[in-house]
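A.B. asks: For the record, the sequence lines run as chains A and B.
Residue numbers for the first sequence follow my numbering, beginning at 1 and rising by one.
Residue numbers for the second sequence follow my numbering, beginning at 1001 and rising by one.
Everything labelled a hint here was simulated from the structure, so no lab data went into it.
Don't be surprised by glycine CBs; every beta carbon is placed ideally from N, CA and C.
One or more of the hints may lead you astray.
Unchecked claim - Residues from chain A shown here face chain B by an in silico Cβ test under 7 Å; the list is partial: (1) Val48; (2) Pro73; (3) Thr93; (4) Leu97; (5) Pro103; (6) Thr107; (7) Phe115; (8) Leu121; (9) Gly122; (10) Ser126; (11) Ala130; (12) His144; (13) Ile150; (14) Val190.
Unchecked claim - Once the Cα atoms are required to be at most 27 Å apart in a straight line, the calculated DSS-like pairs of lysine-lysine come out as: (15) B/Lys1192 with A/Lys108; (16) B/Lys1108 with B/Lys1159; (17) B/Lys1140 with A/Lys68.
There are 2 protein chains.
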Amino acid sequence: MSTTEKPGEPENRTAPTPAPAGVDLSNLDVILRFLLFAASLVAVVVLVTGNQTELVLFQGRPVPQPAKWRYSPAFVYFVVAFSVSGLYSIITTLASLSVIQRPHQKTKFLLHFLFWDALILGIIASATGAGAGVAYIGLKGNSHVHWNKICSAYDTFCKHVAGSLAVGLFGSIVVVLLIFLSAFTLHSRVPK
Amino acid sequence: MSTTEKPGEPENRTAPTPAPAGVDLSNLDVILRFLLFAASLVAVVVLVTGNQTELVLFQGRPVPQPAKWRYSPAFVYFVVAFSVSGLYSIITTLASLSVIQRPHQKTKFLLHFLFWDALILGIIASATGAGAGVAYIGLKGNSHVHWNKICSAYDTFCKHVAGSLAVGLFGSIVVVLLIFLSAFTLHSRVPK
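Working from the sequences, and respecting the hints, build out all of it.
C.D. replies: So, in C-alpha cells, the structure goes:
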C-alpha cells in the first residue's frame, strides 16, 4: 500500500509492499515487437528473392552466371539471424500481449525481455554488419586485393541486398528501442 | 549510509518509501567495464599493427604489395567502433566507480548504463560482423565472383585480423553481460 505513480490512488491491498505502478507502455512494446517481426520478414524475403542471372563472357562465349545470396556466407548468416529474430519477435509479441492481461508478472517479464533482446541485438547487428561489409565490396570492389565490384553487372541483386540491409538496420534500431523501453519501464517501478 | 546488502533490515528512515536494497554487484560492473576497455584496446592495437608487405609478381617483376587495415572500409569501421567503445568504457568505469560512493544515485545510473550499453553493443557487434564478413572472404575467397583469397600470401596480416576479431567478439559478449547485470540489478530493486 506504499506508493503508486499517481499519488493517492491505492491499489492491490493484499500485497504487503506493492511495486509502484510505474509507466505502462505495454502497447508500445507490442507495436515495436511487431515492427521487429515485419522488419525481419521483409529483410529475409527481399534478400532471398534477389537472385539474378547474367550472361558473362567465358572463353569468348557468353555463359549464364547467377548471383545468389546463398553464395556468400555473410548473407547466409544474415538470413539465419533474421529468421531467428523473426521467430523471436513472434514469441515475444505474444508474451508481451499476454503480460498486458497479467500486469503483476510484468516485472519478471521485463527482466527476461531485456536479457533476450540484448542477445538478439548482438546477433542481428553483427549480421547486418557482415552483410554490409560484403555488400560494400560488391558495390565498390577493392582494388588493393583485386576484388572487382559486381553491382555494375548484377544491379537487381544489389538493389535487393541494399534494401534488405536497410531493413535489417531498421530492425536493429527497433531492438535498441525495445531495450530502452524495458529499461525505462523497469526503472519507473523502482521506488524513488 | 542508506542501503545495506542484507534484506529486511530497515534503512533510511527519513525517506517515505525506501527502495529495496537489491543486489549490489557494482564491483562486477567495474570489472566488466574494465574488461571492455582492455578488449577494445587490444582489438584496435592488434588490427592496426598487422600491416604486412609481400612481393607480388606484376608484369613478370616482383613488386612490393602491402596489406593494410586502412585499405578495407570494414576494418576502418572496426577500428573507429572499438576506439569509441574504448573511450566509452573508460568513462563508464569511472562512473561505475563513482556510483559505489553514491549508492542513492545507483538506480538513475543503471538506467543510463542500459541505454548507452545497448547503443555500444549495436555499434561493436556490427563492426565485428563487418570485419568478420570481409576477413572470411580474405580467408576463403569467393569463387562465384572471382574474389581470390589473400590469407595464403598475407599470413601475418590475417593472423592479426583473426586475433582482433576474436577479441572484438569477446568485447561484444562483455557488453551483453553488462546489460544482463544492469537489468538484473534494476530488477532486484523493484519491490516484489
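A.B. asks: Please write out, lowest number first, the hints stated earlier that are contradicted by the structure.
C.D. replies: 1, 3, 4, 5 and 16
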